[in-house]
Amino acid sequence: MRADIVVIGGGPAGLASAVSAYKEGIKDVLIIERDMELGGILPQCIHDGFGNFIFGEMLTGPEYAQRYINELKKTEIKIKLNTMVLEIDSNKRIIAVNSKDGLLEIEAKAIILAMGCRERTRAQILIPGERPSGIYTAGTAQRYINIEGMMPGKKIVILGSGDVGLIMARRFTLEGAEVEGVYEIMPNPGGLTRNVVQCLEDYDIPLYLSHTITNIEGRRRVEGVTVAKVDSKMKPIKETERFIPCDTVILSVGLIPENELSKKAEVKMDPRTGGPIVDERMETSIPGIFACGNVVHVHDLVDDVSEAAEVSGKGAAEYIAGKLKERKIPINVKNGRNVRYIVPQIIRAEKFDKDIKFYLRVKEIEKNTRIVVSSNEKEIFEKKERIVRPPEMIKLNLSPEILNKITGNELTIEVKK
Amino acid sequence: MKDNDQKIAEKLKKKKFSKIKTSVKNGIVYLDGEVNSWDEVIELGHAAGEMKEVKGVINNIIVKDVKEKKREKNLPKDTYNPHLPERADVVIIGGGVIGCFIARELSRYNLEIVLLEKESDVACGATKANSGQIHTGVGEESGTLKKKLCAEAWPMYDKITEELDVPFKRNGLLVVITKDTLPKIPSFIGNFISKYIIPYIVMRKGKDVGDKPRIIKRDELLRMEPNITDRALVAVFMPGYGIICPYKLTIALAENAIQNGTKVLLETEVRDILVEDKKVRGVMTNRGTIETQFVINAAGIFADEIAEMAGAKEFTIHPRKGSILLFDKEEEGYVNHQVSELRFPQDPYTKGGGVLMTVDGNINWGPTAIEVPDKEDKSVTHEEIEGIFEKYGFIFPNFPKNSVITYFAGLRAATYKEDFFIKASKNIRGFVNVAGIQSPGLTAAPAIAEMVLKILKDAGLKMEEKENFNPVRKASPVFDKLSVEEKKKLIEKNPLYGNVICRCEHVTEGEIIDAIHSPLPALTIDAIKRRTRAGMGRCQGGFCGPRVAAILARELGIPLEKITKDRNSNMFVGRTKSLLMEEDKCGQT
Amino acid sequence: MKRIHNFTCIVCPLSCQIELIEERNKILEVKGNRCKQGEKYAIDEFKNPVRILITTVYIEDGILPMLPVRSEKPIPKSFMKKCVKELSKIKAKAPVRCGDVIYENILDTGINVIASRDLIRRK
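Protein chains in written order, with this note's numbering: chain A, 1 to 417; chain B, 1001 to 1589; chain C, 2001 to 2123.
Hints are supplied without guarantee of correctness; some may be wrong.
Distance windows between CB atoms, simulated [unchecked claim]: (1) B:R1554 / A:R340: 43 to 51 Å; (2) B:R1218 / A:I329: 42 to 50 Å; (3) B:N1336 / A:R340: 41 to 49 Å; (4) A:K27 / B:P1239: 39 to 47 Å; (5) B:R1554 / A:P245: 30 to 38 Å; (6) C:K2073 / B:E1330: 45 to 53 Å.
Some residues of chain A that are not near chain B, with every Cβ distance over 10 Å (derived) [said to hold, decoys possible]: (7) I145; (8) K384; (9) E392; (10) L396.
FYI, nobody ran anything at the bench for these hints, they're computed from the structure. Quick caveat, the model's predicted, so the values are computed rather than measured. A virtual CB, placed ideally from N, CA and C, is assigned to each residue, including glycine.
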C-alpha cells in the first residue's frame, strides 16, 4: 500500500498536521490511529481551557477535538482507526496492523510522527513499598472515570501538582471521592495557577509543597501511603514522615514523549526534550520524516500543539513537492543560561521568508528577566518576561527581519536579568 | 534417635540459647520464648539448624511487643466456581512451580490428582518473583539436597522446555573475579590469588556439578561483555546456566497436567487436614472436603502451617525476602550473559545474585536477601533499592540506571536448616512435606518431582502408567515473536490477532482471549499479564490496563467493576457516579 | 466587622496574592494586585464567583458509556456540587451532537447543560 503522507497518531497534533498538509495540496493523506476514535487524549480531557488562542473560546477537550474532526470530515483524508503501527524504518516504510485489514505494509513519501506521550510510572520514580491495586497514573484514572465509566477509588492521595494531577483532584471530588491532598516534591506548584485555584482552593483540597510519597502500603489494594517533607536536595526528611490511610494513589509525575517508533527509524533524539531533533519545519534528522505535538516535547496548551503541527503539515507538503532545500550548514540553536530546552533545535531554511516560532522552557523560576536571542555574540532579539517558570512554556516569534540578522552557524537563546 | 537427641540437648545448653526455652524430640528442636528483635529469632533458629544432628527446627520464638498483622481470610468469588471433586488419589497443596511439576509428573499415571491453589492463579508465591535462573548447583553447599537435586535437574531443561513449549535460553553465567573480589587482602596478594587461584577453585566446583566451565581471560571477557568494568581481572564461564520464565513454565506445567486429567482448583484454600489413626483421610477447603489418602504439602511459605494442620510439623519457615530491579527492554544487548561478581566473604545464605536477564530480554539486578517476620511482606524498601544499585552498579558502571521499569519482591520459604525438606511424615501416613524450597528450587523442580514420586511409591501409592499420557503442550501464539508472513496468516485465521491491545509489548486481543479461555483460565489482570506480557512493558499497563479490563469483563461475563488485579485486589470501587449515589442514600450532600 | 478575603489571581502568571477587605458586603479596599485586571478579578470572585460546570452523564446506546457535558455559561460556584449530583441521576440517549441540550435550566440557574461532543449510536 502507498500513501503520500502517513500521519501516525490521530490526536490534536496528527489532526492539525494532516489538515494543514491537505490544504497545501497533498490529497493522499492517511492518519493511522490506534484508538477507536480520533482525538487522542482530548476526548478524556472533559474540562475547559482549550482553544483560547486558536479559536478565542474556552472549549473543553472533546469540543476542541470536534472542531478538527469536523474539518477533517470536509476533506478526503483517509483514516484507519483501531490500527497500531508496529514498525517504521528510515526508508519511510510502515508496518501497521488491525483486525479488519490484517497486517499492512505501507510505503510513504513522508511521515509525520504525532504519537504524543505517555505518563511516568511509579517505578520510574522509585517509590518504595508494596504493589497493590489502586495505584494509577492520572491519565489512566481520567480515562477510567470519563470514558470507561469506572471510579478507581474513594479516598485519594495525589502525587504531583502538574495540570493533570490538579484536574484529577477536582474530577475525583466532583464524583464523590475524598481527595486527602496533593503532594508536590518541588517548592512550587507544577501546573497553571488557574488550576491550583479552581481545582484545589475551590474544593479546600490541601496542597503540600516540598513533599513526596516515601512508601505505599497495601497487600491487595492500597491501604495507605507515607508522605514526608523533602529537603533542598529533594531527599525525604525521615522525621517528617506521616502515614495517610487511603485506597488510591494517583501519580501525576511527568509525561514522556512516546518515541519508540522514532528510535526504530533511527531518528536523532534530543535528550533534553525526550523527542526528536527537529528543524523549523519540524523535519527530523531523516529527510521526509516530520514530527509534531507532544512526541517532540511536552506542551502545556493544545493550541501550541495545533500551531506547531500546522507547520509540520506544511513542511511535509513542501518536502513532497521537492521544495525543501538544505542550507549547506544548518544553524544550531544553542541553549544558553537557564534554558532547559528549545525547539526547534536547528534551522535549515536557506532563506528566511516566514516567521519562525521557538518554544522553550527554563530550568528555574526567575523574575524580571529578558529572553535574549544572540548570533555571534550580538543580541538580535529580546522578550521581556516578568516571571519565567519551568511549567510555563515560552514562545518566541522571530520575524524574517530578525532572522536575517543571523550570522554564522549558531544561535544562542538565553535568559538574562 | 535417643542418642542423637542427647547430643543435641547437650549443644542446646550453650550460652546463646540461655535466654529462650529449648527442647528436642526425634531430632527436631523446639524453640520458644521472647527476644527483642527478629534478627535474634533468625540467629537462634540458624544456630539450632546448623547442628548436623538436627533434622528440623520449629522456631516459635516471638519478638517482644510486636503485634502480628492479621491475615485476611480469602472467600471464594462468585465468578469462578469450580467443582470440588469428592475424592482424589493425591491432593497437592500449592500451585507453585513445585506443586505444578509434581502434578504434571503424577499425571503420567492412572490417578485422580487434584491441585489446590489459594490465589487466583498458579505461580503467585515465590515462583513468580525470582530471576528465572537455571542454576547448575555450583554455588550450593556440598552435602545439601539443594546441590544434589539442582545438579540432577539442570540438564533436563532442554527437553522439558521443548515439550512444554516455553522459552528457555542457555546463555551461561560468567563468574567474574575483580579487583574487589578479595577486599580484605592487600591488592598485590589479592590480585594474584584472584587471577591464578580462585578461577581454578571455581572451575572445580563447576565440574563437580557436571558443567563444562572455562576460564575466560580479560581479553576474551571484554569481547563477551564489552561494557564490563575495568576492574574485572578474569572470569569463569559456566555454560550450563540458563534463563527461563518461571511463571510461564508453571502455567505450562499446570496446563499439561490438566491436559492429562489433573484438576487444578484456583481460589481454593486449605483449612484443615483430616487425619484418623495417624493416617491422612482428607483435606478440608473453603469449598468443601476432598477425601484422600495422600497429601503433598508444596505450600511454600505456608508449608509449616499446612504441616501443622496434619500434625506433621517438623520445621518452621522463616521468609527471606528477595527484591529485584527490572530494566527497560531497550537495554537488551548491553549484557549478553548472566554475570555475577565473586566477592569474599560470601553471605552464608544467599548466592549473591547478579546482573541477569529475563528470557524476554529485560536486564534485571538482584535479588536482595532480607529476613522478614511477616509472611506477606512483599514490599520493596528504599534501602533495598539503594542497596541493589550499589551492589550491582560496580560490574557495569555505565549502565543506564534510570531505565528501571519495575521492581518486585518474593519471599523465599526457608527452613532453619536452609535446605529442602522433602520427606514423607513418619507420624502421619500419607502426608508428604515438600517444603523449604528456596533457590535453587526452580531449577531443582524436575528432580524434586521425581523424588516425590519415589516417596509416594514407597509409601504405597499404586502408580500405573497411563498409555495415553501426552508430555507435549503447545503454547498459544505470541504475535510479537512471529515473522511478517506468520503474522498475516494468524490474523487471517482470527482477526482478533490484528487488534493490538498492549502497545509496549505488542500483545493482541487474540492472545488475551486465548489466556482467558485456556485450560487453566486467566481470571485477573495479572494472570493475563503473566501469560501474555500485557502490562509488562515500560508503561506498566497505563495504556492497556483499561482495555485488558474491558476484555476480561466481557469474556468472563462479569461487570467491569468486579475485575481485580490479583486475588481480592479490586481495580474499582464502582461505576462513575456510584459514590454520588451512595452519598444520597446516606443523606449527605 | 471588617473581613479579609484572600484570592490568588489567575489573570496572568504573576499570580498575585490579593486581599479584599469588606464590611457588611461593602468593599473597602483591594490590595496586593499589580494591575487593574487583578482588582476586577478579586471583586468578581467576591461578589459572584462563577465556574463552568464540567462533568459526564451516563448515555444509553452510545459507542461509549459516558457523555462529557458542560454548562453553556458559568454557573454560581456554590451550585457546582448540587448540579453535579443532579446530573448523576439522568441518562442521555445516543445519538447526540456536540452542543445538544442535555439538561435544560439546571437548578433554576437559567443555564443549560450541553453535550461536549458528538456521540454516535452503538451498532
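Evaluated hints:
no.	hint	result
1	B:R1554 / A:R340: 43 to 51 Å	holds, 45 Å
2	B:R1218 / A:I329: 42 to 50 Å	holds, 44 Å
3	B:N1336 / A:R340: 41 to 49 Å	violated, 36 Å
4	A:K27 / B:P1239: 39 to 47 Å	violated, 60 Å
5	B:R1554 / A:P245: 30 to 38 Å	holds, 34 Å
6	C:K2073 / B:E1330: 45 to 53 Å	holds, 50 Å
7	I145	violated, 5 Å
8	K384	holds, 37 Å
9	E392	holds, 26 Å
10	L396	holds, 31 Å
Violated hints for the displayed structure, listed by number in ascending order: 3, 4, 7.
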